[in-house]
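There are 2 protein chains.
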Amino acid sequence: MTLIAKTTHHLFQPLLYQVATGILSTGEIAPSTREVLAHQRNAQVLLGEVTGIDLDAKAVTHEVLGRETVTTYDSLIVAAGAGQSWFGHDEFADHAPGMKTIDDALELRGRIFGAFELAELAPTQAERDRLLTFVVVGAGPTGVEMAGQISELAQRTLRRDFRAIDTSSARVILVDAGPAVLPSFGEDLGGRARRQLEKMGVDVRTSTKVIDVDATGIVVEDSDGERQRIEAKCKVWAAGVAASPLAGMLAEQAGVEVDRAGRIPVEPDLSLPGYPEVFVVGDMMALDNLPGVAQVAIQGARYAARTITDRLDGRQPRPAFSYRDKGSMATISRFSAVMSSGPIRLSGFLAWLAWLGLHILYIVGFKHRVTTLLHWAISFIGRGRSERAYTVQQVLGRRALQRISADEAPKLPEIAES
Amino acid sequence: MTLIAKTTHHLFQPLLYQVATGILSTGEIAPSTREVLAHQRNAQVLLGEVTGIDLDAKAVTHEVLGRETVTTYDSLIVAAGAGQSWFGHDEFADHAPGMKTIDDALELRGRIFGAFELAELAPTQAERDRLLTFVVVGAGPTGVEMAGQISELAQRTLRRDFRAIDTSSARVILVDAGPAVLPSFGEDLGGRARRQLEKMGVDVRTSTKVIDVDATGIVVEDSDGERQRIEAKCKVWAAGVAASPLAGMLAEQAGVEVDRAGRIPVEPDLSLPGYPEVFVVGDMMALDNLPGVAQVAIQGARYAARTITDRLDGRQPRPAFSYRDKGSMATISRFSAVMSSGPIRLSGFLAWLAWLGLHILYIVGFKHRVTTLLHWAISFIGRGRSERAYTVQQVLGRRALQRISADEAPKLPEIAES
Chain V
1 MTLIAKTTHH LFQPLLYQVA TGILSTGEIA PSTREVLAHQ RNAQVLLGEV
51 TGIDLDAKAV THEVLGRETV TTYDSLIVAA GAGQSWFGHD EFADHAPGMK
101 TIDDALELRG RIFGAFELAE LAPTQAERDR LLTFVVVGAG PTGVEMAGQI
151 SELAQRTLRR DFRAIDTSSA RVILVDAGPA VLPSFGEDLG GRARRQLEKM
201 GVDVRTSTKV IDVDATGIVV EDSDGERQRI EAKCKVWAAG VAASPLAGML
251 AEQAGVEVDR AGRIPVEPDL SLPGYPEVFV VGDMMALDNL PGVAQVAIQG
301 ARYAARTITD RLDGRQPRPA FSYRDKGSMA TISRFSAVMS SGPIRLSGFL
351 AWLAWLGLHI LYIVGFKHRV TTLLHWAISF IGRGRSERAY TVQQVLGRRA
401 LQRISADEAP KLPEIAES
Chain B
419 MTLIAKTTHH LFQPLLYQVA TGILSTGEIA PSTREVLAHQ RNAQVLLGEV
469 TGIDLDAKAV THEVLGRETV TTYDSLIVAA GAGQSWFGHD EFADHAPGMK
519 TIDDALELRG RIFGAFELAE LAPTQAERDR LLTFVVVGAG PTGVEMAGQI
569 SELAQRTLRR DFRAIDTSSA RVILVDAGPA VLPSFGEDLG GRARRQLEKM
619 GVDVRTSTKV IDVDATGIVV EDSDGERQRI EAKCKVWAAG VAASPLAGML
669 AEQAGVEVDR AGRIPVEPDL SLPGYPEVFV VGDMMALDNL PGVAQVAIQG
719 ARYAARTITD RLDGRQPRPA FSYRDKGSMA TISRFSAVMS SGPIRLSGFL
769 AWLAWLGLHI LYIVGFKHRV TTLLHWAISF IGRGRSERAY TVQQVLGRRA
819 LQRISADEAP KLPEIAES
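Chains V and B supply the protein sequences, listed in that same order.
Residue numbers for the first sequence follow the working numbering, beginning at 1 and rising by one.
Residue numbers for the second sequence follow the working numbering, beginning at 419 and rising by one.
Derived from the structure by calculation, the hints contain no laboratory data.
Remember, it's a predicted structure, so these values are computed and weren't measured experimentally.
Heads up, a few of these hints could be off.
Here are the simulated DMTMM-like cross-link-like pairs (lysine to aspartate or glutamate), alpha carbons at most 25 Å apart as the crow flies [as the list claims (entries may be wrong)]:
id : chain 1 : residue 1 : chain 2 : residue 2
1  : V       : K199      : V       : E252
2  : V       : K6        : B       : E481
3  : V       : K6        : B       : E535
Every beta carbon over 10 Å from chain B, so not counted as near; a handful from chain V, in silico [said to hold, decoys possible]:
id : residue
4  : E28
5  : E35
6  : V64
7  : G81
8  : I102
9  : G114
10 : E117
11 : D161
12 : R163
13 : E187
14 : Y303
15 : L312
We put the beta carbon where it would ideally sit given N, CA and C, even for glycine.
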């Protein structure tokens, strides 16, 4: 078994927002993939970005630092997930980073804490206001969690740390083009989440579209077509997702069309139409309107692996994947969350306890559970944030770096040579 | 009281090597300076790099993202420390990063773990050998600790994680121009440290000068003038230090000369000659051949602060700083260290226990002590490394980024505007 991945860590995305806001360290939500699989002696992990899949030759081409490697397969599971989408406005990304990777979270950590640092030095009230205005785009779970956490930093964590500014005067604005907060949770829970955010001082603006984003602000348009410019240094993009480009590559060879989010329609057994040995799982695949959530990916991966071993062992595989919805949850602030599972609808402290228990179960590895629990105690019971350190790179911004380094690659021998 | 610093964290440098080798998170050795000083209500922390000190106007100019601020003082303590020195070969820095900052440690984390990742994919034995050869320059405490840790990663931590390579075949070479390992510890302890490193498989080459460093290797010259090229992807520079450029700026105004390491000679009370209200403490100052170690800085800072408060309160300050040498220690691997304190000379497990106890005392803040202890248990008793995650930036390399971004600054509005 060969696992090809473009990072060396196994990322637990639902807690990225806690890395961005200084609660957890990167290691706690991104353990080494190799370490996770060390005891599975028949599994080899290879670092690499997949640049080509040849379905007829049954070969995957992957690359690292300009060097290509080809790996052939008998069965293939493609699970490259989804990245952030700025809905055709990739230029927004420089000013409003997404929340999909460790790099994203650390860059946002630098931007969020950095905004307070700069505000402490700002010579005018207008500049102070701009630095203390945070706009989060997207009112799904990630956006709600980010808005709640930034608000908590301002209201609680950082209050005693500054002298020239009152951090609790910071504004947090949550913007979404749709009419609801947490639409996938239904009207009742979404409404409760909205009220909880508003009680914390978050300015929730639904039915509000983003028209433009630049270094110093964001332009939004409400449902009456009224445009407003909000002066804000720090913007977070938690709005759209787009399936990995590998989806398009596979769809083209299989002669099928990807959907609006770039996902491949798959057979009921998660295989690629015409290629029963190729499975597509997780955020890249479209089947029965299943949502792009972790449980669909986890259960899909288990189903595909079972199908492959059934075939190898001469057993009849289950003919179709069936998804068991275990529900969903989102935290709003410490001690407050919403949760929906079957007929159960919870909000507030009880939902938060359920969130706590489940997330501890899903954190990979015992040791990470212990340090994570401790960091949670520090941040939820105390007011500390243990992981506020950020680097020069994080403040300069990764996208700026990548755009530049692509042009300058020949000047970087350490990178070009492998 | 105003504290001006160019990072937002208070860095505990002696444990940087543990961040570089995946044992500790950045937050554990670099807590927020603001958080440390939150309860000291008369202390304001300002983010900024000092660009000018006007001794006659008693004014400090500091800058962040192109914006200058001027802060005036009655008394001034300058404690900007020392940076890495490549002995006039700054071009080596791209290929052999130093070990002075959080950025350095994270960049080296990416390079060290990245070298093993690339080796797993290498198509030839020669390339595999080059990727699995690590050269550490400088046999002081940082160099010894890095060499010991990289060796431990290869021999112990990573052995079960790879399939194509045997990580225990990695070579770790420790190079120093001088004749001894840990010269400041004396011949006996230095010799014991050397034998301990050699027992772990480290190739210790003293009296060996570095002639050249490039992307794929390093050229060294032994005491007979014999030159040798060592093919090695990953190089660590732990050799020289140079005092902050602020030392030269102060020396020029005071009409004194800095020494070879760029340090300012100070009066016995640590004040700048001719400026009794200006104190210089730590690695930037030269007095009585005091070494550039943390204890000199800590005791010097305490002395300078006491002198200022004595003057304010009308008491007679102690006329001269006197340093009390508490000794020094360095770890070689888990369970093994060397320590020298007064007449006491310890090596092996006992010295390691002393190291453990003292470092726990010096880690700032109770919560960091608890998670640090846990991470140590994971790495020293178990074989795990909890903090192996690194980012795209870290792998691309910070220096390449900074060099490039300086040219491209106008393209980075987010950075240029504040």
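Right, here's what the structure says about each hint:
no.: 1; hint: K199/V to E252/V; verdict: violated, 49 Å
no.: 2; hint: K6/V to E481/B; verdict: violated, 38 Å
no.: 3; hint: K6/V to E535/B; verdict: holds, 11 Å
no.: 4; hint: E28; verdict: violated, 7 Å
no.: 5; hint: E35; verdict: violated, 6 Å
no.: 6; hint: V64; verdict: violated, 7 Å
no.: 7; hint: G81; verdict: holds, 16 Å
no.: 8; hint: I102; verdict: violated, 6 Å
no.: 9; hint: G114; verdict: violated, 8 Å
no.: 10; hint: E117; verdict: violated, 4 Å
no.: 11; hint: D161; verdict: violated, 4 Å
no.: 12; hint: R163; verdict: violated, 4 Å
no.: 13; hint: E187; verdict: holds, 38 Å
no.: 14; hint: Y303; verdict: holds, 26 Å
no.: 15; hint: L312; verdict: holds, 20 Å
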